[in-house]
Amino acid sequence: MSIAETIIPPQAPPPAPPRRYTLSRFIGSVTLGVWLALAVGIFLTVVNGWDPEKFSRYGPSFVSGLGVTLMLVISSIVMGAVLSLPVAMGRMSNNKIWSWLSYAYVYFFRGTPLITQLFLVYYGLGSFRPQLEAMGLWWFFRDAWNCALFTFTLNTAAYQAEILRGAIQSVPRGQHEGAAALGLSQRVAFFKIILPQAMIVALRPYGNEIVLMIKGSAIVAIVTVFDLMGETRRAFSRTFDYQMYVWAAILYLLMVELLRNVWALLEARLTRHLKR
Amino acid sequence: MSGLFAALFSVFAWIGSIIDPLCGPVGVFRWFGSGTLLACGDSGWGDEIAYGFLVTASLAIATLPVGLVVGFFIALAKQSNEKQLRLAANIYTTIFRGLPELLTLFIVYYGLQILVQQFLATIGYEGPVEINAFVAGMIALGLVFSAYCSEVLLSAFKAIPHGQYEAGDALGFHRGKTMRLIILPQLVRIALPGLGNLWMALLKDTALVSVVGLPDVLRQTGVAARVTKHAFEFFGIACILFLILAMISSVVFSALERWTKRAEMTR
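Residue numbers (the numbering used here), protein chains in the order written: chain W, 1 to 276; chain G, 1001 to 1267.
Honestly, the hints are just simulated from the structure, not real lab data. All C-beta atoms in this analysis are idealised placements derived from N, C-alpha and C, irrespective of residue type, glycine included. There could be a bad hint or two in this list.
Claimed, not checked - Among the chain G residues that face chain W by a calculated CB cut under 7 Å, a handful are:
id, residue
1, LEU1085
2, PHE1106
3, LEU1120
4, ALA1121
5, TYR1125
6, VAL1211
7, VAL1212
8, PHE1235
9, ALA1238
10, ILE1244
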């Protein structure tokens, strides 16, 4: 019988087998190289084609276009949020007429392209000029900016109503019953118990909706509103410089990514009690 | 050979004219629109709008398979073990989900034009180059669709338990065979609602391609509106046609969903 008298000295683990050079790594390197080449190419064209005169002429108009885009998105989101309340209530109500009307409203605005709705309002209402003048509304619909704001508000109200309805209906029934068991009135129960839970569910879809509106707002350029896209198109049509579109793309990407990251932080903060 | 193609094409055109829902023998405009602005033929705008309807539908249908295949491979790349591949795929989705569809379209349309022009200039051809709006629209919408599609498919991939892959290994299947026989059928079932939403978005985005001159529903109704000064009616018709497309797709998708879940329903 033999006894081990010495402890085996600690040893380094065996070397990891060499990673095989797979096809997917090759493809990954190639595509990453393509992205890098694209980025360098864009950077070089911007540096080589840098024209201080062009920048001083079109830089301010880009900034003002950015302002128009942000203004349009923010005001239509806020007004759409207000308008979405009765629509969402209509979708959940037992009143046949109200619920059918709000269903038709939501179906129309979600089922047709935003650009078609914009044309319907901007060009279509223009053919009712005498009637609108008689009603004293012509000053509003004469302006492309107002038409865009009107259409976007109606459109986002339909989407937001669906988000709100989905979120409120996702709160389990037991929460209603719990509130009733505590003797809370319907109003208090809704605002203190149902709505806070619904809003957490709705947070992410609301963020997506704002991103969609930022991207969708580019189409107002077609009806002569000079937002970021409109200024880009104007600058491009004057200079035929492809860089203008690159600048617009960078600005839009910055806006969307900034919003997405802020929204992710917000969500992490607001749902910290749900983390385990 | 070319005669055969011509014959086939004319047969397809004939079948298309028979089943044309707007201006065919049993078309809506033919029956209810005669004598109005929507009459078919030279007196009205019915046949132009019917052609636009066809263009819109075929653009969306032509983009769908391209976007699905590209999106599938990007979803695969996103869950790869290789860091570079994941990074490259994430850059792709970040860019094409963040850009407005209209801007993507312009970048593709004008960028492609400049690229082709430069390429032809190196060969020695100097002349005006026109890019086909349909192709540019297909590429731009395909880029956007595939970026969103990869996200939907990725979350569907994550919903499939790892044991399913191991089952494929245990049966001695090749990786491709596991994918085809075990993973894909479940993937389709899980991803179908999300893909349905993306299809609706694609259908609506096709309206943007009218801006670069594709004669789709919106462009044709826009021309009609400008000529006849009946803008509200014609854009209203465009809206109704898009609504009809949306309704048809929701019927088709609910049927598809029932079909993919048929095994669960019999249980």
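Comparing the hints with the structure gives:
1. LEU1085: holds (3 Å)
2. PHE1106: holds (6 Å)
3. LEU1120: With a closest approach of 17 Å, the LEU1120(G) hint is violated.
4. ALA1121: Interface hint status for ALA1121(G): violated (15 Å vs cutoff 7 Å).
5. TYR1125: Cβ of TYR1125(G) sits 20 Å from chain W, so the hint is violated.
6. VAL1211: Holds: closest Cβ of chain W sits about 6 Å from VAL1211(G), inside 7 Å.
7. VAL1212: Violated. Min distance 11 Å.
8. PHE1235: holds (4 Å)
9. ALA1238: Holds, about 5 Å.
10. ILE1244: Nearest chain W Cβ about 9 Å off; hint violated.
Violated hints, listed in ascending order, are 3, 4, 5, 7, 10; each of the other numbered hints is respected by the structure.
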